[in-house]
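There are 2 protein chains.
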Amino acid sequence: MSKKNTIYDQLCQHARETALIGSIEELLGWDEQTGLPPAAAKYRADQMAYLAGLVHRRQTAPQLGECLETLAEGPLAADPHSETGATIRGLRRSYDRKTKLPQMLVEELTRTAVLGQQSWVAARKQNDFASFQPLLETMVALKRQEVEAVGYEDHPYDALLDEYEPGEKTANVTRILARLRDALVPLIQSIADSQRVAPIEILRRSFPIEAQESFGRKMAAQIGFDFERGRLDVTHHPFCTGLGPHDHRITTRYNENFFNGGFFSILHESGHGIYEQGLPTAQYGLPTGSAISLGIHESQSRLWENLVGRSRAFWDGAYAEAQSAFPAALGSASLDDFYFAINDVRPSLIRVEADEATYNLHILIRFELEQELVSGDLPVGDLPGAWNDKYEAYLGIRPSKDADGVLQDIHWSAGLIGYFPTYSLGNLYASQFFEAAAAELGDGNNGSLDEQFRRGQFQPLRDWLCEKIHTQGQRYSAAELVEQVTGSSLSHDALLRRLRGKLGPLYGVS
Amino acid sequence: MSKKNTIYDQLCQHARETALIGSIEELLGWDEQTGLPPAAAKYRADQMAYLAGLVHRRQTAPQLGECLETLAEGPLAADPHSETGATIRGLRRSYDRKTKLPQMLVEELTRTAVLGQQSWVAARKQNDFASFQPLLETMVALKRQEVEAVGYEDHPYDALLDEYEPGEKTANVTRILARLRDALVPLIQSIADSQRVAPIEILRRSFPIEAQESFGRKMAAQIGFDFERGRLDVTHHPFCTGLGPHDHRITTRYNENFFNGGFFSILHESGHGIYEQGLPTAQYGLPTGSAISLGIHESQSRLWENLVGRSRAFWDGAYAEAQSAFPAALGSASLDDFYFAINDVRPSLIRVEADEATYNLHILIRFELEQELVSGDLPVGDLPGAWNDKYEAYLGIRPSKDADGVLQDIHWSAGLIGYFPTYSLGNLYASQFFEAAAAELGDGNNGSLDEQFRRGQFQPLRDWLCEKIHTQGQRYSAAELVEQVTGSSLSHDALLRRLRGKLGPLYGVS
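Read top to bottom, the protein sequences are chains A and B.
Everything in the first sequence is counted per numbering that gives the first Met the number 0, starting at 0 for the first residue and increasing by one.
Everything in the second sequence is counted per numbering that gives the first Met the number 0, starting at 0 for the first residue and increasing by one.
Take the hints with a grain of salt, since some may be wrong.
A pair holds if it fits inside one copy or across any two, identical chains being indistinguishable in the list.
To be verified - SDA-like mimics (lysine to any residue), calculated; alpha carbons at most 20 Å apart, straight line:
| hint | residue 1 | residue 2 |
| --- | --- | --- |
| 1 | Lys41 | Glu24 |
| 2 | Lys97 | Ala51 |
| 3 | Lys217 | Thr470 |
| 4 | Lys41 | Arg15 |
| 5 | Lys124 | Ala436 |
| 6 | Lys41 | Ala18 |
None of these hints come from the bench; they were simulated from the model.
With the sequences and hints as input, model every part of the structure.
In structure tokens:
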């Protein structure tokens, strides 16, 4: 036992040091996005490649494999949900996946991702899918090689999905998203047919950037993002990154004539940041101190952005402050109108601009197309047509050009196949968690969650999320966690209940 | 030859990779100063220590020593000023110095520097030298051990000076600074006795920070700091740091009610940055792509700050623009008054606030005291009294408290002994280089340097500095370079000529 403990301690020490190097790589990436001098990009890539190589060599070191082999048979691994058990399981999972990929394939994937992103940028700008097609074909072929190297039981797509949502299965996601689609398509149609139209012009008035920044910062702090342990900056694409146990940085982008982009990105990234800030800092760098999956991560960002930040109760509490922050834009706008405007639903072509309801159809389209690409049923050359057909079928609109269609997202060019469904999983988890929180937190002396939000009180919810989800690290899989926290397995019900409950009254539909 | 070439290539590759790791460490340091979340400081120290350890292990690797040994005897090292010769010599110098220090001593120095700086901060705040004395005694004792480990020929202080100003000797610096002192003390005295007083109140008016930032940025670009390859940020203490061959970042600090602090720091740090940006980028990480010495580095910052930025010709060209940037402060101030104010000379207690003339006496005092500390002639307990006596003798003023005296600088607490004289060497080099540049550049169709400055034209000077100094990297020692560029060895003459030529007319003294 004592020898195994020593090996276990070495294992943890090794993982922590690897995480430390990884956290430095994150700083290089953050700095690249926030303010790298233009001419410094090439050397920055060299710096990042050096650290990435260091991390990869450590993560695939044969001694690490031997160490994990020894421990996996021993008593420390017996309970998979114990601290030691979860640590050994998590590190083994990462080691197994990484060592299954031949070095040549890893290098080809990296190279193709760099070229692919360059090609995608140009193709999108020129609305020219044909110029991007060869690289996407190479990428899909490489991902199919990855699938074979990693292995799978049921669906080849499982091998890719597992990278982002460990343990999740294609069949399960297909089942849940199909049910969601069957209910959403008619709901969205009835909203489109409704006579009521959200007064979205309100959100396109003048919102001075300084005021957006200070209002956003204040709301981020109020929902619980800790600025002693984080920062807020401006980048072209909003993101959240962790540079250490006490350094979580979020970014947003402001548009002087649009409220949503800057503000809801801040709430969204704050949600990611609050999750990271709630992980057990003493376990930093170990599986028990790390996020479970992209889906769970996204559930936290969506929860704060949509379930809190687009709720009536939130704005009952915050609207007066918003009006004084933006007197020219909101001074004469009623809360009813503002609330309706930020919850506008309408079919659109661009995923990142989509509302809460249609968003999941954007994801479903990508999820279905990805599976066909990976199985080989859909040749890359047929992708634009298939894309447009699905938009017509699910959303009733057809892109007039590929730049607004199949070329809109960076993901595939970078080799991120299997990633999209985690966005919808995040929405589903978020609704299910939120229902449970509302039930558990609404009973005390503190009033319902809505009453708390009206008072600007978010700590009970944050503490609940922290205890139930954040502090668990990777002790449980996402599926286990949702079952444990909410008492049932993941389904489409909570999300649908919520969308109906919110959009029905707004649009006068049911 | 071919085998030696292979070894040489490996040597260069090794040095480049070490520099790459060092450049990442610089980013960690820059980020720490510019915006690290407060709670992240401890982990940041861990990240920096990890990389520092990596760099140190690489710099002292026995294989590196063997490789250098082999090459030092071969033809590639024959000409010490050739690219290969300078590379081998420079890397060997660094290797020898680092391997001469026992690991224990290095660790003790690091530990004492951390504790020393903490103790110094508290002692300075409480004006309590006695509380700092024990740590300074430990530090001095360790530096004396360092002297013994490194070795020296003439003066023990040589072993420390050589770290910052390779090849320079205590005796030479003593000789030059003594001559400077003998001429400066009476000049400063006659200025103090002059009836003319600079209207420094002008510089204490309202200078809005945004205007300072944009004016400073514009002037930095105009003298040649390349913002495609650099940034300007705000920190508590201004500095310049290099994060790669095309990433040089400068910082400043603004005071809304004082012009000099923000503006001249920008010019000063731009001078450091222009030097770094002028080093041969293809040799980045090698001695031929690195700065020669702190003294030469400082010569470039002082040259742009003082010899250009405090010249009448510079403001003949720039003052109208300054007036429109700061209409409230400068709108009614004449150029004569402004020029006199930024060239105010008066004995003062604080080095970093000292003018061009008295500054060198502040350095001389430290240089003399350091030598006595290192030789053991001056016990640390007698330091405050000795400090005050020298201020009285050289500057005619006596600190009323140690916080404004011996406790004002961080250097000794951090183990930086032998560093101060490089500031004065920088002033001396700058004047001597500038005289040579003025002679060589004033002859063409472009008019004198002053005429160029009046037209806002700084590229001829920058190109000259770049060709003569920056692109040389470490091919020559500082002493060799000054001889080569100016035709004579370093002396006090040029600096004194310049100060007399400028201050004489301003104060009506000779």
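Is the C-alpha distance from Lys41 to Arg15 at most 20 Å within one copy, between copies, in both cases, or in neither? Between copies, since 15 Å is at most 20 Å while 29 Å is not.
Should Lys124 paired with Ala436 be assigned to within, between, both, or neither, using CA atoms and 20 Å as the limit? neither (44 Å within a copy, 50 Å between copies)
Classify it for me, Lys41 with Ala18: is the Cα-Cα distance of at most 20 Å met within a copy, between copies, both or neither? between (24 Å within a copy, 15 Å between copies)
Quick one: Lys97 to Ala51, C-alpha cut-off 20 Å, is that within a copy, between copies, both, or neither? within (13 Å within a copy, 28 Å between copies)
At most 20 Å between alpha carbons: which applies to Lys41 and Glu24, within, between, both or neither? Intra 15 Å, inter 18 Å, cutoff 20 Å: intra and inter.
Give the relationship of Lys217 and Thr470 under a CA distance limit of 20 Å: within one copy only, between copies only, both, or neither. neither (25 Å within a copy, 50 Å between copies)
Hints 3, 5, counting from the list given before, are not met by this structure.
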